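K.L.:
Sequence:
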Amino acid sequence: MIVEELKEITQLPGISGYEGRIREKVIEWIKDYADYKVDTIGNLIVELGEGEEKAIFMAHMDEIGLLITGITNDGKLKFRKIGGIDDRLLLGRHVRVITEKGELDGVIGVTPVHLNLERKFDTIPWHSLEIDIGAESKEEAEEMGVKVLDFAVFKKHFSILNNKYIATRSLDDRFGVVALIEAIKDLVDHDLDGKYIFAFTVQEEIGLKGAKFLANKYSPKYAIAVDSFACCSFLTGDVRLGKGAVIRAVDNSAIYTPSLARRALEIAKKNNIPIQIGVTGGGTDASVFEAKSQTLALSVPIKYLHSETEMLHLDDLKALIKLIEALVFELE
Numbered sequence: 003m004i005v006e007e008l009k010e011i012t013q014l015p016g017i018s019g020y021e022g023r024i025r026e027k028v029i030e031w032i033k034d035y036a037d038y039k040v041d042t043i044g045n046l047i048v049e050l051g052e053g054e055e056k057a058i059f060m061a062h063m064d065e066i067g068l069l070i071t072g073i074t075n076d077g078k079l080k081f082r083k084i085g086g087i088d089d090r091l092l093l094g095r096h097v098r099v100i101t102e103k104g105e106l107d108g109v110i111g112v113t114p115v116h117l118n119l120e121r122k123f124d125t126i127p128w129h130s131l132e133i134d135i136g137a138e139s140k141e142e143a144e145e146m147g148v149k150v151l152d153f154a155v156f157k158k159h160f161s162i163l164n165n166k167y168i169a170t171r172s173l174d175d176r177f178g179v180v181a182l183i184e185a186i187k188d189l190v191d192h193d194l195d196g197k198y199i200f201a202f203t204v205q206e207e208i209g210l211k212g213a214k215f216l217a218n219k220y221s222p223k224y225a226i227a228v229d230s231f232a233c234c235s236f237l238t239g240d241v242r243l244g245k246g247a248v249i250r251a252v253d254n255s256a257i258y259t260p261s262l263a264r265r266a267l268e269i270a271k272k273n274n275i276p277i278q279i280g281v282t283g284g285g286t287d288a289s290v291f292e293a294k295s296q297t298l299a300l301s302v303p304i305k306y307l308h309s310e311t312e313m314l315h316l317d318d319l320k321a322l323i324k325l326i327e328a329l330v331f332e333l334e
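Count along the sequence shown from 1, then add 2; that gives the number in my numbering.
Quick caveat, the hints were computed from the structure, so don't treat them as lab data. Mixed in with the good hints there might be a few duds.
Claimed, not checked - Derived BS3-like pairs: lysine-lysine, alpha-carbon spacing no greater than 30 angstroms straight-line:
id	residue 1	residue 2
1	K103	K80
2	K157	K83
3	K149	K122
4	K149	K33
5	K33	K245
6	K305	K157
7	K305	K83
Here the structure is a predicted model, which means the values were calculated and not measured.
Please model the complete structure; the sequences and the hints are all you need to start from.
P.N.:
Here's what the structure looks like:
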């Protein structure tokens with residue numbers, strides 16, 4: 003079930019500001035379980051329980067990608083990066099261009115080695131690259147349906163490796179979306195000791211915009227992001243895929259509340275949930291709540307983050323779902 007959900011939701015295109023298809027899919031999956039609302043910036047929100055705002059759990063719907071900024075006279079598409087994309091990953095890639103009329107295949111071409119007389123193989127910056135959709139003129143590209151402010155994503159491939167790993171584009175943070183959906187489905191029939199907010203946020207990759215909007219509305223005791231843990235290097239210590247969910251204690255955006263991290267660790271061990279704790283880079287939605295809430299980031303380790311081959315271990319995701327539910331029941 004989780005594999006099928008991951009496959010379905012990771013294949014949907016939705017860069018920051020263009021999360022509509024993901025939001026529609028989440029609504030389709032949760033509408034029979036719980037009421038929901040969509041705020042003015044586009045966050046999808048489910049509230050369970052009543053009374054004091056106990057905790058908010060957030061997972062972002064958006065992914066990194068390319069925004070179309072222009073069409074050249076010979077029919078190529080100019081773009082800018084949305085979110086943190088390594089320029090080395092752009093050259094020679096297949097992309098999918100999303101237009102109002104439908105989807106188009108495209109490629110970001112590379113000069114063949116046969117014609118590279120200077121034998122220079124330096125990384126070409128994104129602003130010097132173009133998307134080729136097979137059009138021979140600006141007019142033909144426009145007839146194909148392309149407009150400025152359309153967007154493109156890396157063409158999606160979904161791989162199951164050794165029956166335990168998933169590798170695909172946009173696991174960040176669609177695995178978090180799946181984790182919250184599964185938690186909602188398990189928690190909806192329980193009596194809860196307060197109000198628990200589950201938010202599927204927008205525009206995280208360009209500055210935590212959706213979470214900042216939520217922080218103007220909610221003041222929960224706990225604010226918890228469910229997001230990726232970039233793994234694995236000397237920077238991340240002993241954290242490894244397959245060893246459990248991760249308490250992301252420190253990253254570039256926050257030193258999350260140490261007492262809450264320790265309590266989450268205790269709850270995981272009490273419930274025999276495989277757990278790891280570590281530090282990484284990047285930032286999460288929880289960091290914007292630091293002035294009003296105790297904060298925490300929960301994760302699974304992901305290799306090759308922000309690439310076409312993001313990889314997680316299924317057992318880690320299952321452990322994460324159990325941890326979210328245990329925190330709901332056991333945080334004071």
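K.L.:
Now, for every hint given, state plainly whether the structure supports it.
P.N.:
We went through each hint and held it up to the structure:
1. K103 x K80: holds, 19 angstroms
2. K157 x K83: holds, 15 angstroms
3. K149 x K122: Measuring from Cα to Cα gives roughly 34 angstroms; hence the hint is violated.
4. K149 x K33: violated, 34 angstroms
5. K33 x K245: violated, 33 angstroms
6. K305 x K157: holds, 19 angstroms
7. K305 x K83: Holds, at roughly 21 angstroms.
Comparing the model with each earlier hint shows violations of hints 3, 4, 5; every other hint is respected.
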